[in-house]
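S.K.: Could you put the whole structure together from the sequences, leaning on the hints where they help?
Chains as they are written, first to last, in this note's numbering: chain A, 16 to 344; chain B, 42 to 561; chain C, 634 to 1201; chain D, 366 to 724.
Honestly, the hints are just simulated from the structure, not real lab data.
Note that beta-carbon positions come from the ideal geometry of N, C-alpha and C, so glycine has one too.
Incorrect hints may appear among the rest.
[As the list claims (entries may be wrong)] What the simulated footprint calls covered on chain C by chain A, stretch by stretch (three residues with Cβ under 8 Å from a Cβ of chain A suffice, anywhere in the stretch; the number is not a length):
no.	segment
1	1021-1029
2	1153-1162
[Stated by the list, open to error] Now the in silico label distances, taken between C-beta atoms and shown as ranges:
no.	chain 1	residue 1	chain 2	residue 2	range
3	B	Asn352	D	Ile400	54 to 60 Å
4	D	Leu524	A	Leu184	26 to 32 Å
5	A	Ala94	B	Lys517	45 to 51 Å
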Amino acid sequence: MADDLLDRPAAAPRRHRSPLPGRLRGVAGLQRAMLLTGTVLTGIFVLAALSAPLLAPYGYAQLQSGGRLFGSQQHPSGAHPLGTTIAGYDVLSRTLWGSRTALEIIVGALVLSVFAGVLLGLVSGYLGGWLDRLLVGAADAMYAFPSLLLAIIMSIVISGGQSSLVGGLSSAACSVAVAFVPQYFRVVRAEATRLKSEAFVEAARVIGTGTWRIMTRHVLRNSLRTLPLIFTINASEAILTLAGLGFLGFGIEPNSAAEWGYDLNRSVADVTSGIWWTALPPGLAIVLTVLGTTLLGESLTDLANPRLRRRGPARAGAAPTPDGGAVHD
Amino acid sequence: ACTSAKNDGTPAGTSAASLTIGTTDQVTSLDPAGSWDAGSGTIESEVYATLLSAKNGSSEVAPDLASAIELTGPKEYTVTLKAGLKFANGHDLTSSDVKFSFDRQLRIADKNGPASLLYNLASTAAPDPTTVVFTLKSANDTLFPQVLSTNAGYIADEQVFPADKILDDTAVVAAKPWNGPYAVDSYDKNSLVSFTANSAYRGLLGTPKTAHVQLKYYTDASNLKLDVQQGAIDAVYRTLTVTDLQDLSTKSGIVVHTGSGNGIRFIVFNFKTQPYGSATKQADPAKALAVRQAVADSVDRAQLASQVYKNTFQPLYTSVPDGITGATPSLKALYGDQHGGPDKAAAAKVLSAAGVSTPVTLSLQYNTDHYGSSSADEYALIKTQLEATGLFKVKLQSTEWAQYGTDRVADLYPLYQLGWYADYLDADDYLASFYAANSWVNNGYADPAVLALIKKEETDTDPADRTAVIEQVQNKVAATVPLLPLLQGSTAIVTRSSVSGVPAELDSAYQFRWAELAKK
Amino acid sequence: MTDLLRIEDLHISFSTDAGPAPAVQGVSLSVEPGEVLALVGESGSGKTVTAKSVLGLLPPTAATSGRVLLGDGETDPAEDVLTAPAGRLRALRGTRAAMVFQEPSTALNPVFTIGWQLAEGLRAHGRGTRAERRALAVEMLDRVGIPEPERRVDHYPHQLSGGQKQRAVIAMALALGTRLIIADEPTTALDVTVQAEILELLHRCRTDFGAAVLLITHNMGVVADLADRVAVMRQGRIVENAPVRRLFAAPTHPYTRELLSAVPDFGNPATARARPAPGADGAGQAPVVEATGLVVEYPGRLGGSSFRAVDGVGFEIRPGEVLGLVGESGSGKTTIGRAVAGLTGVSAGLLTVLGEPLGTGRGRRRLRRATAGSRAGQIGFVFQDPATSFNPLLTIAESVGEPLTVHRRDLEARAVRAEVESLLDSVRLPRGHGARYPHELSGGERQRAGLARALALRPALVIADEPTSALDVSVQARVLELFAELQRERSFAALFISHDLAVIEQVADRVAVLHRGRIVESGTTAEVLGSPRADYTRRLISSLPLPDPERQARRKNLTALDRGSPGP
Amino acid sequence: MSALIQEAPGAVGRSGGATGNGLLRYLVIRFLLMIPTVLVLVSVVFFLMHATGDPITTAFGDRLTPSQLHAKLHQAGYDRPLLTQYLEYLRALAGGDFGRTATDNQAVSQVLRTYGAATVELAGYAMIVALAVGVPLGMVAAAYRDRAPDAALRLFAILNYATPVFFLGLLLKLVFAVRLGWLPVSGRSSIGVQLELGNQTSSTGVYLIDAIRSGDGSAVADVLRHAVLPGITLGLLVAGVLLRLVRTNLIGTLSADYIEAARSRGVGRFRLVTRHATRPALIPVVTVLGLQVAGLLGGAVLTETTFEWKGLGYELAHYLTVRDYAAVQGIVALFAVVVALTNFLVDIAAALIDPRVRY
Ligand SMILES: Nc1ncnc2c1ncn2[C@@H]1O[C@H](COP(=O)(O)OP(=O)(O)OP(=O)(O)O)[C@@H](O)[C@H]1O
Ligand SMILES: Nc1ncnc2c1ncn2[C@@H]1O[C@H](COP(=O)(O)OP(=O)(O)OP(=O)(O)O)[C@@H](O)[C@H]1O
Ligand SMILES: [Mg+2]
Ligand SMILES: [Mg+2]
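M.R.: Laid out in structure tokens, this is it:
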């Protein structure tokens, strides 16, 4: 049948729907190394967070065991592989528990900001009009403001007002979330604005599909494609913001959770006094976790963006192309 | 204007005739009517003088700008000024300036000012250039001379300061209204201030040994520590961390001078909301008392002092710190092992005697940003100590200071951390402030017998008698523990070893005055 | 050996996510000096890849074998591009062969002036001083027919029109004195009128500059107009290679035959729409669409002056009638279609669609309600790009069934499914394709699905905005056929938008010619295209290269005589 | 700081295509658009701050009895209805009066000037470091895409970003100031130089400028020595972002048709990367870099704290803790203006690079 012969499926489909892991196979060399490193580091982080109670020798706020205090600023020893802090906590335990706090904050902050940001962005982008202008103005104002400072203000508002009701964790998560809402808002709004004039949305409009149905069925789902990438980027930002908050003294108190930024802040004096074991573990934990999530995010971006994507050189033919290298797609 | 501090390229370049002091404090204002805080006080106490002041190392006040003070009536103090006093700008310092200063304090009553210290001052008169007459509201106030030595008592130049509003720092500096041992000659607020000895000063402290002093402000204690360690500055006054102090004390070329300070830390019980408090469902004064006493039995102050503060703080068994006349450690013999240590059994006994079912849940609040970052460690340890008895379940919470102050008096905190340092070194300031009716602690405690004793002590002109009453107050209060004294703070001054003039051992009456500092 | 370019048994394959993908399999070609060789074939057959291999521009994911020899072996030694070292390759580029790209606007760096970019090629080969290079740039711009070259040389690409940009690109190719120009679909992105000018220029490349041209195109009209010889590619292979007249007259390979038969042949009565006189069946009935003095304006940015895209247009479409709307790019065709569909507000004038007047002014809200209300489902819309008109996350069946789900709430899921299947049947799509996602269909299949969706609610009016311009000629032919067939069966009225006169001729009963937002001529298809009255229509028609070398050559001579200049 | 979210926000009015005297009009509109942004921020901050404590209770919460506190609150006017205070503040603001700080009795405008100059100076050093490091390295990474230099540079970039500013600052301080003793630990200058510069008439507050104007070479050297560590610490943070940005965009433009076209004419690789591809790639980079200013101010808080660089970021954190309404609002307003102005300048810069943008 000639029709079928001619109408072969298109050689290069416009939108890949194949899941990312499926694409991994084609990824070569450095990109694969990046992706693997990112995944492994992030995996370790998440694993540590989930199994902190099992891995950590002590609780995050534990000062004694068997009726004896650990003692403050003790050198690393068998009982305390990474020593103890000035407050007399076990450094290893606090570092491990810190991953749990970081994960909780990330999840909390992301869920909060994604919900608010996506909803607002969708409505604003698709409906447009004065509401859009208003929201964009507000988001711009917030975006223009350094996220760390915004988080500081929010942490004061949230924790100051109702510390007895909301724990330190949720107030930190909220403060970080508030700083992120404009980002999601922006991304989703941009997508919604773009999708609004896409042919398939117009097709739905011509058909007479209701606004709400278009927004949920056509626009929303298609505008969420980029979010996983932003997740990983924001995850690292969340960690850094939290650490900044902790460092400036607006973060989580040691009795409610272990937090790397706070521990770093408290160990600054140790570092200048030659006590290395209190500062390095939380510091490195921050660096490695952010490194992991950022690597993961970057590789995902690369994979999702064909312009940045790179496959291994072809092996089929004879000679490789001359002038090989940088200036190609 | 600056002569000696000319930089020669070396970062640590301070010459012998000049001395640099580092601090983490902040200045509110150079106007005596506009500041009442330690940071401003550090400068003000060097550039302004008071009629009376405490001679260093003693808690007794002595005439400074004044030559004599006399109680000339039940409600009247008469002060005679030294003759020929001048400000650094050449203006004469007369009784008119003195009257102006006190009238101004009361008139402006600035939100950041110390006017409330003058609560008992009714009026000031200047009958002649060297005589000032203070009329008080209540009779026989033995504390008024002390008040004259506080921030509220600095004498301001009436030709410089406006009578009804605060003067800008830069205007103050430009007008040179200095009457203390030093004069400010360049002023970069909260960053760097340089001083030169004030030749017009004829006061109690004598002529400064070092002509030029710079005060450098830090925001981060570890930078302050590194700078003194590297020799970029000569001395540190307020405030290094415990770790820094410990480390510096091992360094050669650096001397760490420590001693007990006059700041204290304690836990307040809110009589309304503490377990079995008057506003709770199972209100029961006897059980509430038992809970307070059991807590007093359970805390281990020595452990707090050693683990959290590396023994720079010391255990405190009364609200009057050691070193103040009349201080007596009343709680020591009453609670715990009766030697100052904790005792589980004693706590269990007092609770069961009152019929309190255990564990008692305590909601304990502390603050994160006002009493130092060690507060978190301190309260974590207190929680550990209390829970180790098995009698308590502690819910630990913290709040930022700006909110803490409001929440605390709104009865939101059943048990909470507080601290105090005195405006003048008298036991009354450590008793009336906590236990008097309508005190700032405001925890619902009011004992008529204690109130009467405090009244008595405040108007008792016989020193020995007064000391006995002060001890009585402490013993009486100790039995009911409205607040639980924990620790007495320390003073620490770090100097390069080339700097002299700081005693090796400091006591709570010691005040850091620059006049005695010298550099080899 | 005298060939400028000789490709011998070239194989190219790409490594992709799905493993190695062969793109070119054993291609052999040669181009002689002064010759125009056309490389034709369906999309994806490997034309571009072959062309790129000549200049060593393949990405590193490509693996090659065979030989690509550049140089005639007399003045220049022939060198194999595939194995040349990088430095040598760079020296060959631009001098032995130069490239003209499809989209002139992307082939020019937007942030540098034309002159600078022209000089860059000279500079790369160490030609002349700065001033000499500039002088040469001006001269080249002049020679390719850009007016005021001294001024234009300092212009940025965005300041040039599309045709001028393509001229500049050609000037750049010629500047280094190359004897071989590789032109990859040099006119696809241009309007027909501009296309004619560029073809003329390419022609001059040969006559005035003595350059051979390897011309890649899918437009048989262009081939007939320009080529000496034609190579037909299919799935990475050359299936036929013959002089142009012979190829058109007697194609040997079945694929070539199919390709030629699919080309809409303008002015050929055999392919023109065969049906009763227009308006016959719809006469007397109320028009489905009636527009008078229709104005559509797009608001300017930040309150700037607005842009009038449609300016006082009047037309009507009667039941069962197909109105063809033609005009060059930007003339307002799409805007009219969207206005009729209610997607764009009307600024002034009267527009009655299906008996319901669409309000003027800021009536967006009202419009939307109107669409959702009584007219809902009575209009079908077929979009230009079938790929983007489907939600990538929904299956074809879901998308096609969407109108039913929205409007026929009474239908159960089963009934909807049955209806969707019968719709797929009617557009000749296998039922199984309903379960696929849009990207799993070919372009032609997607456009069929688009038709199915447009017809789901049995609309009285279908608006088709360039429904075939994204498709290959052969696929386009099938879709057009299907459209005509369905229109006959269901006799809906249609607004058919296209820039291709040949396509319009095939499907429309009546034609309206749009120019800068105004209708310059309208009438029955035969009238307008057969004996055009407006100048603009005449120009459009004469610019259209006919897919027949004989007829095209004759016409070209005629026009040349018309203009009074000597023929080629 | 999200360099990867490259969708340039604030796209209002960007890339307008109109010609003519639209520029002036555009300038005016952009300027007017700043006002609501600032107003929104200041208002939000006003109400948030007033909802969470007051400077007087903060200062005297453990000094005064409740009635004394009330008296002070009344005297300062903080017990009046919030709306009254808000309108009063707005009225003063409209008249250009930022008020005085509640806690340390300074004119807010003076605070902004003094500390603003410090922050500007620090941001300037950081930007220099960021540009000097980020742009060339980003180009190298793009040119050596997916090869060893690229991998190393990307790792370097991510590490810069992943290391908290205070941690990096601490490490640098320990190594270069304490261990090696090459550079000062903290501060903007040594004491002597600060005194010398402070005594200058009409000092700008930017130490480097003041030092140069003083004509004292050793002072300039001293100021620069103090700038090294903070400048690098903050600069590297931005450099990491910049490097990745330049790389990504350069890779993007390197695959553009016009690069292929230039290549087909024999233009060499080096020149393609450095000339042909860089300028188009810079347009989005400049835009995103403008947004980095907000991040820079945020990072400045931590850098300023770490290095005793008494600037606005640190002061803001400080004034927040003591609930100094006027000061916080003033600084927030200034930040908003600075960010808006930067974006405005960025637009102009983008227009200079991109000939297509003509307002
Ligand atoms: N960089 C690439 N990576 C993988 N496959 C590619 C690449 N470039 C081209 N191809 C594949 O090679 C085949 C030939 O592509 P080519 O661009 O030569 O087609 P074409 O004949 O020019 O088509 P068109 O008429 O659409 O331009 C196609 O199947 C295409 O998908
Ligand atoms: N949303 C819009 N805002 C502003 N101007 C627009 C908008 N859409 C189209 N235009 C302008 O209106 C004019 C007509 O556009 P339209 O899309 O109707 O042209 P067209 O005839 O369909 O062209 P093509 O053949 O290229 O599709 C063009 O100049 C276009 O730039
Ligand atoms: Mg092609
Ligand atoms: Mg169109």
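S.K.: Could you check the hint for me, namely that Leu524/D and Leu184/A are 26 to 32 Å apart, CB to CB?
M.R.: At roughly 28 Å between Cβ atoms, Leu184/A and Leu524/D fall inside 26 to 32 Å, so the hint holds.
S.K.: Indicate whether the distance between the beta carbons of Asn352/B and Ile400/D respects the range 54 to 60 Å.
M.R.: holds (58 Å)
S.K.: Is the coverage entry for the segment 1021-1029 of chain C by chain A consistent with the three-residue Cβ rule at 8 Å?
M.R.: Our answer is that it holds, as 7 residues pass the Cβ test (under 8 Å) against chain A, meeting three.
S.K.: Tell me whether the statement that chain A covers the segment 1153-1162 of chain C is true, taking a Cβ distance below 8 Å and needing three residues at minimum.
M.R.: violated (count 0)
S.K.: Can you tell me whether the CB distance of Ala94/A to Lys517/B sits inside 45 to 51 Å?
M.R.: holds (47 Å)
In summary, the structure is inconsistent with hint 2 from the numbered list given earlier, while agreeing with all the others.
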